[in-house]
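4 protein chains.
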Amino acid sequence: MVGYSFMGAVHSHAWRTAPRFFDLPFAPELTALAGRNAAGVQVAADKFGWDSVETDWRRLIERDDIDLIDICSPGDTHAEIAIAALEAGKHVLCEKPLANSVAEAEKMTAVASSAAERGVYSMCGFTYRRTPALALAKRMVDDGRLGELRHVRAQYLQDWLSDADAPLTWRLDKSKSGSGSLGDIGAHSIDAAQWITGSSITGVSALMETFVKERPIGGDFIGLGGHGGTDGPRGPVTVDDAAIFTARFGGKTSGAGRTSDGGPIGVFEATRFALGRKNAMRLELNGTLGSLAFDFEDMNSLSFYDAAHEDAGFRRIIVTEPSHPYVGNWWPTGHGLGYEHGFTHQVVDLVNAISAGEQPAPSFSDALQVQKVLAAVEASAEAESRWQKV
Amino acid sequence: MVGYSFMGAVHSHAWRTAPRFFDLPFAPELTALAGRNAAGVQVAADKFGWDSVETDWRRLIERDDIDLIDICSPGDTHAEIAIAALEAGKHVLCEKPLANSVAEAEKMTAVASSAAERGVYSMCGFTYRRTPALALAKRMVDDGRLGELRHVRAQYLQDWLSDADAPLTWRLDKSKSGSGSLGDIGAHSIDAAQWITGSSITGVSALMETFVKERPIGGDFIGLGGHGGTDGPRGPVTVDDAAIFTARFGGKTSGAGRTSDGGPIGVFEATRFALGRKNAMRLELNGTLGSLAFDFEDMNSLSFYDAAHEDAGFRRIIVTEPSHPYVGNWWPTGHGLGYEHGFTHQVVDLVNAISAGEQPAPSFSDALQVQKVLAAVEASAEAESRWQKV
Amino acid sequence: MVGYSFMGAVHSHAWRTAPRFFDLPFAPELTALAGRNAAGVQVAADKFGWDSVETDWRRLIERDDIDLIDICSPGDTHAEIAIAALEAGKHVLCEKPLANSVAEAEKMTAVASSAAERGVYSMCGFTYRRTPALALAKRMVDDGRLGELRHVRAQYLQDWLSDADAPLTWRLDKSKSGSGSLGDIGAHSIDAAQWITGSSITGVSALMETFVKERPIGGDFIGLGGHGGTDGPRGPVTVDDAAIFTARFGGKTSGAGRTSDGGPIGVFEATRFALGRKNAMRLELNGTLGSLAFDFEDMNSLSFYDAAHEDAGFRRIIVTEPSHPYVGNWWPTGHGLGYEHGFTHQVVDLVNAISAGEQPAPSFSDALQVQKVLAAVEASAEAESRWQKV
Amino acid sequence: MVGYSFMGAVHSHAWRTAPRFFDLPFAPELTALAGRNAAGVQVAADKFGWDSVETDWRRLIERDDIDLIDICSPGDTHAEIAIAALEAGKHVLCEKPLANSVAEAEKMTAVASSAAERGVYSMCGFTYRRTPALALAKRMVDDGRLGELRHVRAQYLQDWLSDADAPLTWRLDKSKSGSGSLGDIGAHSIDAAQWITGSSITGVSALMETFVKERPIGGDFIGLGGHGGTDGPRGPVTVDDAAIFTARFGGKTSGAGRTSDGGPIGVFEATRFALGRKNAMRLELNGTLGSLAFDFEDMNSLSFYDAAHEDAGFRRIIVTEPSHPYVGNWWPTGHGLGYEHGFTHQVVDLVNAISAGEQPAPSFSDALQVQKVLAAVEASAEAESRWQKV
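Chains as they are written, first to last, in full-length UniProt numbering: chain A, 1 to 390; chain B, 1 to 390; chain C, 1 to 390; chain D, 1 to 390.
The reader is advised that the hints may include incorrect statements.
Note: identical chains are not told apart, hence a pair may lie in one copy or across any two.
Said to hold, decoys possible - In silico DSSO-like links for lysine-lysine, alpha-carbon gap of 30 Å or less:
no. : residue 1 : residue 2
1   : Lys90     : Lys47
2   : Lys389    : Lys372
3   : Lys138    : Lys213
4   : Lys138    : Lys389
Derived by calculation from the structure, the hints in this document are not laboratory data.
Between the sequences and the hints, there should be enough to build the whole structure, so can you do that?
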């Protein structure tokens, strides 16, 4: 694994935990953790349970005792590491967003495709797909229980940058992170929406905003946010604080019309300034037969409206039944799961796919499509919100 | 009063009820009801408690025993009636949207302004302003409890057209209604957002859609929707089924604001196809100090987030305390009000303003600003979502 | 009508409003309002729309132009007025609780029964039966959608006495009110539970408590509560502040039921000290096939769990569809009703029953059964919670 | 560790995970797992990560490489194992309920007390104390933010026995489990209520019920419930399906009165027949200054009402801030935890207490107090609900 901050911690937990609750074809071994700071990486490896450390990720690729590279470092490093790993015959799990540009993502996808032909697989870490409630949502849409979709309503609301004195971290530096709320959290909404609806976004019209244009350099960093010094020097925020856009989705089948055989229309909002909303990754779908609504702040439930019922209403399905996706291997009914379980499920799906010789999802190609939407959003925002095809 | 369908019923109730719960300077008398169908208007007058009927609204204007005209007929009739009434010295309460075009609305506003100088007042029926929870929201924003606003999130979600066989009514005929979900319900969101934030929308980028392009002529009409025959003739739907747009609001004060032009950014969605959402008129505001959220489907409460609190969280204020706006004249704490109470409060505010010789709000000028936003939304939607200044 | 405080206001509104929204066989006339204070009753009559006043309720009974007496005065006056009215051939609507003792209630019920044989009808004002959501609940239970009932969970939580300095009103004087939270609000829970389940409470075990034993005499009275002087004289609270009890319900049919006596078991709680709960009249029923939950603080919805559904969950039915009980005569879908609508529905049901020559429900006999439960609760609380048969 | 079913799995996860997220004074080692079935225990040990197995728990006590015994076997085995372990100088973590009788619990408590004097500690597994939201609740009560408590409202609602054909497991056999819903889930409510309020239950009046008196022997067992054969033989259910009771709590200080210087009154309900409620462990407290409400079905939040606020309302605190108890070592704000995290926190607290030479909580003495309440509930239910002192 490369990287050992927030994502490194949760990925390590997933690798350790997956075989304890799921029957896996392979027993994952936490062989080596890579990071540039020798002292830091050693502390992390001890804490997270890795057997050895490297200070250069290239060493991971050279080692014979490593079959898979898990990339948890910032977005500007993804392309180089992933391409090198795949070309060296290592499977790859890469955190999202796949890259910081469409060009990089296209290169990665091309390499991933040819690697897959050699049985070397790659996957991008859009873990919300593995939240049980969203996995159930996907199944319900696939089963036709919503009918033809008309509306997609996707919000990803956080508030950890609402304080104008929160410090300037790498997430606010465009050269490191690619974009701000758009790529960090909006990318999750885009992937989830495209995956669950089974159709791609074909065009967008966008507005982006940076509310706080300078922030303290340094400062106490707590969680994602924290508080910087108010008197010290400040540096520029080079990414968006919020991104909002309208979208059209393609129909599942080809055809001319936008509606009866076209796809739904969508509204997206990603922000880290929605004071009071902590991790409100919300998705609502309205179809001709039913509707679904999800909010990660109540992550163990899914609301479903079935128009066929007399006395219809949104029902809050507590997604903890053994029959629901992913859930049967954990606790009894009603005993909820947490944020990290999605990562454990990701490991399970990845290991099973590799073992079966099948392409795991989301592939780099799926992630490239997300990257194209991100690029279209930025292009529209720069062009007076004009419609931008994806 | 002109018109006696849904709006006529609720306005009549408000005129009858206001003096029973509020101390008014005048006792309203329900003098005459106008409608083209002689039999229908007589039945309605008996039912709603009007003393006499007219089959031509012009007669109301001629009568000396009438001081105020309440216009509840479709939007294409508003301008002619309102102008005639104001010029004849009658006060006017006009349902929203004010008119079917900006040009009409401008003419009405000009007439209203000069009438106001003569002590003849007019008001437009954006009644959501009188919902106690939204009146409280306004007061909290005015009191600075949210700080500087960053996000406006406005949805008006209904589902009564979701059935593709619901009949083709006047609300789906652009020549009668002006627009579809945009003017019918989106207008409420626009007015509420501008009023509560105290700032105007300065530009929009929009997408509009008509999902069902033809509908049965005739059919059983129940509530707003109902079900038409599936075999009979169909006619074209000439209005939007859904309208979604991004927006910028002007700042309240000039100067070097933190955001690019000082005000919040907004996302709006109006649709009658959000299956399962019955009358979800929702508004959320995020500021630097606090946030507010409202949903008309739980209309007696307002959610407020105060960032200053240790252990902060959105709190559900049940807006039924005697100290809250409008509420003290009704029932004890916790005994909720319904949809029609906003109309009763509207009567109270209107009668009090007339008595005091003050311009009631929302004025025709306020309603004209809404009309301009509606026009900008339509223009943007027709121009590939390009940014359209208001 | 006798009495013109809170209940007088809402009853008057109901009498005025019912014919405006419902087709009634008779047009109700608000003939005379009775109250001991001549000035007060005249002001109330003008405000509420009554044609004349009386300072002695006995005059109402003597007048030939009065067909029905609506009793809204405190509980200690009910028996005398109701009996006199019924014997004089006037129909009676009597506020709850029916009386301040079982003995009084039995006498009233006997008189009511013989009056009914002469076509003179009486009804007790348990208006929660007319809340659309609870009326729907009743229909769903009757239709067997919950199966055999196992649990009843009834709470009536208010907080207007939580302030130890709220003034000592007649509601805290046992000689006037009969009991405290038990009779005032617990009675509603008992009636609703017995009515919806279709079975009677057969025994109880209870605990009652008076948290604040003395309160200020006088003081500002606002809503139900308010604030008294803290320095002035205090008087004793002679009623319960809270009453909690367990209960058994009789089965609907005789036979070898699955439970020990065939019906569900219940938990009841009535209090005016549940800080933050304003009018939380809650009822939850669990059966073998489904469950229902209601909270008056969200009065336009009903939660229903149908175990037969794959992916089951409690669904929030917004009870504003034209097909739902009482609702079709009001507003379109999603436009909620308020507290007072139950009283309007009560008038509709009462007038229709009288016109049809049928006994309206709840009858005095139904109310007597509630009174017996109240008495059993008090008896058990006084006997170390020992089980008390009803 | 002794036992390896549901509780064994979650305890193993906690032992493995605690050192990965918390700085512990000792690194826990999963030395040996004991179970009677040699094959079964080996499979479990491999799955859960234990180094060795034993088929007799006595061997664990004899081994020198074991310092602590974690007892996850059924309640009828607790006393013997715990006493032997403590006398042998092993620390003990014992699942709840502590024992199947007060006599056993008293014996265990006596042994635990004398062991503690020798630095050998014991703890009972009431893990809900470690749910972050309830830990926050405890802190808020301790900080006086609720004022003097008046009401406790505790429900523990499940539905996995609602199906009359769910199989007859050891949990329905009184000789194994001690009691049914009362000891299994009601015990959690009792411990949580006593712990958070800081006062003990002094008396109860109870009603218990067994709705389904015979169940299939064998059958498919899924989660906690499942479905047995409908045609095969049935055996008697010897425990309660539901237990409901009223209670009084002692004041925190001595004194004569029940109220102003006494403790709150409480209503408790434990059932496995509340159809639709999956794991609704709910607790609500009403005080003179504030109220708190919790529901495990939305486990990452706590509702708090602060009467001091203008525009007060219950606020939903999302308990994922780094400042909240237990949370800082996990994920960023808004990224919720699951059921098992309470067990990890339990390990952390236990290891820290042992290291510090302090008695961990809840002690066996705390658990004995719970046991006494359970016994009083059973005694009252058998004596016509008569008040039973604890």
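Going through the hints against the structure:
no.: 1; hint: Lys90 <-> Lys47; in the structure: both (25 Å within a copy, 27 Å between copies)
no.: 2; hint: Lys389 <-> Lys372; in the structure: both (10 Å within a copy, 28 Å between copies)
no.: 3; hint: Lys138 <-> Lys213; in the structure: between (39 Å within a copy, 29 Å between copies)
no.: 4; hint: Lys138 <-> Lys389; in the structure: within (25 Å within a copy, 39 Å between copies)
The structure is consistent with each of the numbered hints, conforming to all of them.
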